[in-house]
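Those sequence lines, one after another, are chains A and B.
Each residue of the first sequence is one higher than the last, beginning at 1 in the working numbering.
Each residue of the second sequence is one higher than the last, beginning at 1 in the working numbering.
These are calculated hints, taken from the structure and not from any lab test.
Certain hints may be false.
[To be verified] DEER-style ranges, computed between Cβ atoms:
(1) Phe24(A) - Trp3(B): 36 to 44 Å
(2) Tyr31(A) - Trp34(B): 19 to 27 Å
(3) Trp71(A) - Trp34(B): 32 to 40 Å
The structure presented is a predicted model; accordingly, all values stated were derived computationally and were not measured.
For every residue, glycine included, the Cβ atom is placed at its ideal position computed from N, Cα and C.
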Amino acid sequence: MRVEQFQYLIVMALCLIVTLPLEFVLHARVYRRPRRLLRALLPTFAAFVVWDVAAIRLGHWTFSPEFTTGWRIGNIPVEELTFFVVIPLCALLSYEAVGNVLRLGWIGTLRAGSLGRFLPPAPGPDPRAEQRTDDRELV
Amino acid sequence: MPWYSVLTVVAIAVVVAAELLWIRSGIFRRRAYWLAVGICALFQIPVDGWLTKLSSVIVIYNPEVFSGLRIFWDSPIEDWGFGFALMTLALALWVRQDPDEATDDRPALVDAAADRSRP
């Protein structure tokens with residue numbers, strides 16, 4: 001095995017590393033809701049793996065042996081399996097982070113996130129309190 | 001036959017129909033959804049580019065199965081349709097589990113009224 005063979009997997013790992021701060025700093029709380037996460041990821045994963053298996057079988061795309069590990073489950077490279085978990089994860093983290101910023105503003109989101117304890121206290125009501133109450137109370 | 005192009009269009013149609021008819025998470029009415037998908041599409045440029053750049057290609061597309069339109073670092077334009085379908089399905093299934101959760105600036109009352117008007 002050469003290091004280059006891990007390129008695809010390294011790209012996937014970088015996606016996870018780059019989006020990880022969204023979970024904590026921008027308070028996305030995606031990894032911290034694992035059951036809900038699984039219910040979103042599993043059907044998505046299954047549907048796209050079916051497409052991928054068919055596309056690989058029909059020769060729509062192939063993978064460079066130079067930049068992939070060659071580890072496969074059936075005809076599908078493990079890199080592809082990670083792709084169908086990692087990319088949806090990035091999308092969910094982005095959605096939650098964007099939603100927080102739209103709803104609470106940047107400062108409010110940062111206060112709610114894990115770096116909030118380092119920020120000076122909010123002048124108005126605590127955004128954490130607002131988050132706990134949730135807009136459902138309005139309904 | 002441009003099968004990848006055809007299947008990409010089919011996948012987008014299936015996912016959009018699934019959201020509108022069955023999942024009904026309401027994501028298409030949320031600004032956070034469109035902003036997040038847009039941001040992810042931008043980040044797709046370097047990620048997809050790294051996987052598809054022809055100088056040292058990792059994922060090799062059969063030229064017969066797609067449009068031949070390669071953008072940025074040689075990524076087939078279909079990849080953005082593939083990504084849209086992939087992310088939209090995951091987001092719809094995620095949001096469905098708590099559709100009342102305020103994840104954007106839309107007043108919760110508006111969403112709640114829309115929810116009540118559903119069959």
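Do the hints match the structure? See the list:
| no. | hint | in the structure |
| --- | --- | --- |
| 1 | Phe24(A) - Trp3(B): 36 to 44 Å | holds (42 Å) |
| 2 | Tyr31(A) - Trp34(B): 19 to 27 Å | holds (24 Å) |
| 3 | Trp71(A) - Trp34(B): 32 to 40 Å | holds (37 Å) |
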